[in-house]
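Visitor: Listed below are the residues making up each chain.
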Amino acid sequence: MTNSYAVPAIVAITLVTVVIGAFGLRLARSTSDFLVASREVSPHWNAAAISGEYLSAASFLGVAGLILKYGVDVLWYPVGFAAGYLALLLFVAAPLRRSGAFTLPDFCQLRLGAPWLRKLATAFVIFIGWLYLVPQLQGAGLTLRAVTGAHYTLGVFLVAGVVTANVALGGMRSITYVQAFQYWLKLTALAVPVIFLLGHWQRQGQPPIPTPTEWLLPLVGEEHGLFATYSLILATFLGTMGLPHVLVRFYTNSDGAAARRTTLVVLGLVGLFYLFPTIYGVLGRFYTPDLVATGETDTVVLALPGAAIGGLAGELLGALVAAGAFAAFLSTSSGLLTAVAGVLSTDVLGRGSVRSFRWSAVVAGAVPAALALRVDALDVSQVVGLAFAVAASSFCPLLVLGIWWRGLTDIGAAAGIMAGGGSAVGAVLVTVVGPPLSGWAATLVEQPAAWTVPLAFTVMVTVSIMSRRRVPASVGAIMLRLHAPDALRADTPR
Amino acid sequence: MSEEKPQRVRIVLADIPRPSRTAATRTELTEQTHVGDALVRGLVRAQLALAVRLTAVVAIGLGGLPLLFAVAPVVADQRLFGVSLPWLLLGALAYPFLFAVGWAYVRLSTRAERDFTDLVERP
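Those protein sequence lines, which keep their order, are chains U and S. According to my numbering, the first sequence holds residues 180 to 673 in order. According to my numbering, the second sequence holds residues 2 to 124 in order.
Bear in mind the hints are in silico, worked out from the structure with no lab data behind them. Computed from a predicted structure; not experimentally measured. Warning: the hint list may mix true and false statements.
What the hints assert, rightly or not - Selected chain U positions facing chain S (in silico; Cβ < 8 Å):
| no. | residue |
| --- | --- |
| 1 | LEU268 |
| 2 | THR408 |
| 3 | MET658 |
Claimed, not checked - Some chain U residues judged to face chain S by a derived CB distance under 10 Å, without partners named:
| no. | residue |
| --- | --- |
| 4 | TRP255 |
| 5 | ALA261 |
| 6 | GLY435 |
All C-beta atoms in this analysis are idealised placements derived from N, C-alpha and C, irrespective of residue type, glycine included.
Just chain S, with the same shape it has in the complex (with noise of 0.2 Å):
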């Protein structure tokens, strides 16, 4: 049990960046050049914008549901496929809706890194 104190270290402090290789761009972003600053900055600012992006959708395409059925309560009435349309759309059809755009954030994210990435280790 004598590991246990050097253990409990690690888990909080893991993952701290400490690049051992000396690549010009990484060090510029360790070491919070201007550069580097404006870089990751950069990188903040498009992932934040994406995330704000794919939230509207789901704040106009789900969230403004109960809206529409308060205004226009004609709407609530309708049926599809012999299925009640609020019923249909907030049982079923919202779980896929939410995994697409879960989806399409995995993947536009992951672009956005692999190109930062590609930015930051171009020589």
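This is chain U alone, in the form it adopts within the complex (with noise of 0.2 Å):
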């Protein structure tokens, strides 16, 4: 299914996200500028932003790969994925804004006032960038395979060379722009095709699709469904709170409220976005029987304007949404690598220089590109679920006690991320490299997030309670500074 519209399309998209990022380059001239667009970005600007970065691979291809291979069941992904902006918005937003944090360590200094609690973080930080990351490099992989007929490894280097580039020269201050930009292109290149092939449908007399009961109805012939279907709705609904290249971006909001009003337009445009997926992986039983078959479900995307709607329209819309997954590589990957160089250079390689920031970005982007090389039979969507079941059992409960409870102590932080995040790490390498699982062990390993998420807790709350004593003295102080209105400060110079 070559396409030879597709290649000047992923060119120009190329081009166009280095040309802005270039323009941004111009206005990047401190530290403040280069790392968080010294905080004057408007919410729209700045929620279009956070969904561009957001919207990856697995939202723009897995995700209707998934509802064609799976059916119902798997609708609980984008709707997860919408929701976490919520959990978010509830718990987060605004306290987080006002912490002043920048990064997860950031807050984990600030609000605990340990040191060694930042060297912890950052590890978690740079294991869900990356694992987060690998895919992504996948998904560019894959697409330039399945529409260009290009070797897999030119896919990877193009997207991974051309990200750490953009974010090693041009800092955060041009991926905002270039973020927003991509978030409206991704909705017209996914949104477009589909008032074609509905059209299209339409037109041939609705022919009726065919729906196997399993796949139509939920919990249909699924070992522990209901289990698994739960430990999904805690992994993506809790899970978005602790990404990482999520948790940057609020820093350029220009206080609590802004960033409350920023996650609310952020829900809606992820909303939005996510009407899309569910109709192409339905019509995608009709007109694409076949990718079921082969189990190359995460091309449907890609491959349905071809096949339903045919010549040069349908290569053209063909085109248009390959141009808008290589958005998505790029703007996700951008984020992700701004967010894993951010805390490498503060934190291990520099102190946070703009020089230290541009070698951070160049490991950072180097290490998920040789992994995403050795891993091309790695399931997409699947690594991406664990990469959210990592964040759900150690930064959400991180961030959702620190931010409203009073007593959480530093080791009892310690203690429930290592338990939590450390569980949730172990099933990712299981799933990863070890044995093939079946039954409950396979379950519980391959969705850990409705045992991992509660045992973080759990542990946190415990230990916390039993190291009393260590409560920072500051405590009051802090949340005065979490969620003190920001007309309260309105004379603190911003």
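Join the two chains into one complex using the hints; note that each chain is given alone, in its own frame.
Guide: Shown next, in the form of structure tokens:
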């Protein structure tokens, strides 16, 4: 299914990304500009940027592929990806912005005053960031191979190279504009073909879509389906707030109220986007049934316009979708890379100067690129789901308890992260490199959130209570800082 | 590039409230007197209660669906406007529902903060 218009479309999208990045480069002068866009980004730009960054290969390609393959049960993936922003809004957005923390390690130090806890948080940020970057690069390789027949390695290197250069040279200011632009591009690239596809299906007289029972109805023919579903719900609802590239963005809001408004707009934008992958998945049952047979369901979004409509229109729409897919890889990878490079440059390789940020970006991009070359057999959506589970079992309890509970201590936080996050990391490693499991063991390892998240919360609370004397003396002042309305600090210089 | 270091410090330590005016209650807040402490605790509790209530709305309204489908499979077999009910609920209606809950939260929490501000700034 090579598409002769796809290459120009992908080249164009990559060039536009570089050009907007370069445009931002001229504006980025100080470290503050570089890392957080000097906090001058308006809520609407910021919301589009957050959404653009968030809608990854898993959203753009993976969700439709999963729906094509498994049907109604996986509709919880997009619902959870969107609902994660509601949890973020309810429990984290405004206080986190007011805390002034730029990264999760910053939050640890600020809230618990323990420099050693930074190291643990940094390790988890890097693990989650790389776990999430690998499938993005992999998706790029698969897409380029699917639409042009190019070698898998080329797509990986193309995206890794462009993104690393862009982040290293332009920093955050430039990617704010890149990301905002890419949200609208992704929405267009998915929505416009849907209009044509549905119109085409109407003109054909609405041929019935084959709907086997286990595909159409929930919890049919799946082992431990209810447990797996709730585990998925927990991971996605609670994991979003712990993703490093999501949190970094909140610092670019001007104050707590703006952070809330931004999050609400994001919830709307992301929800709007997720209406479309479902339609691809459903129409794919009729137009591209062979993908189910071969197991290449991840490419349904790319293949559908050509298979259903065909001709010049089909090819052009296919090229549009391929461009959107590349926008997804570029934008999510940029955000992840900025986040990972940020903690690398402040906590591991340097002290947060522009130079160390640039070097960190190179390291942060090179490692997942090398990993992506080795693991092209891994399932894209599954890995992303595991990244959510790790985030939900480590940073979600840290943030929620840190913001709302005075009793959290540094030892409690560390114990909770090690117990919950550590178990989730173990589950990831067993899933990716371990032996194939069956029965309950398989369910517990493939969808770990239902036990690792409660474990993390329980351990964090219990150990904190046991080490009550270590509650920071400044906790009252910190609570005030996190929760006092913005109006009460109007006289504070921003 | 000599301005790099001070800039970085500003990032990490941004927004420590340093009131220059001396409204009495505001001083009580920042100096952690008993009154100030009670005020902040009250606000935090109110905001948390709001977030938890809205979480319960989502937990029941959306989180209850898998259980409902498991307990009463006949519900999952219904059709509305020619679309299978679970598909309609999860594929489309879940998103406006989530947005509505978020919208309600922004309104209510902003109002709670305004009330708190009025209380503190009251002469």
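Visitor: Take the hints in turn and mark each one as holding or not.
Guide: Hint-by-hint comparison with the structure:
A hinted interface residue such as U:LEU268 counts as satisfied when its beta carbon comes closer than 8 Å to some beta carbon of chain S; here the least separation is about 5 Å, so the hint holds. Evaluation of the U:THR408 hint against chain S yields a held restraint, the C-beta minimum of about 5 Å falling below 8 Å. With 8 Å as the threshold, the beta carbon of U:MET658 comes within range of chain S, its nearest partner Cβ sitting at about 6 Å, so the hint holds. Interface hint status for U:TRP255: upheld, as the beta-carbon distance to the closest one in chain S is roughly 7 Å, under 10 Å.
For the restraint placing U:ALA261 at the interface with chain S, the shortest Cβ-Cβ distance is roughly 6 Å, inside the 10 Å limit, so the hint holds. Given the 10 Å rule on beta carbons, the hint for U:GLY435 holds: about 8 Å separates it from the nearest Cβ of chain S.
Comparing the model with each earlier hint shows no violations; every hint is respected.
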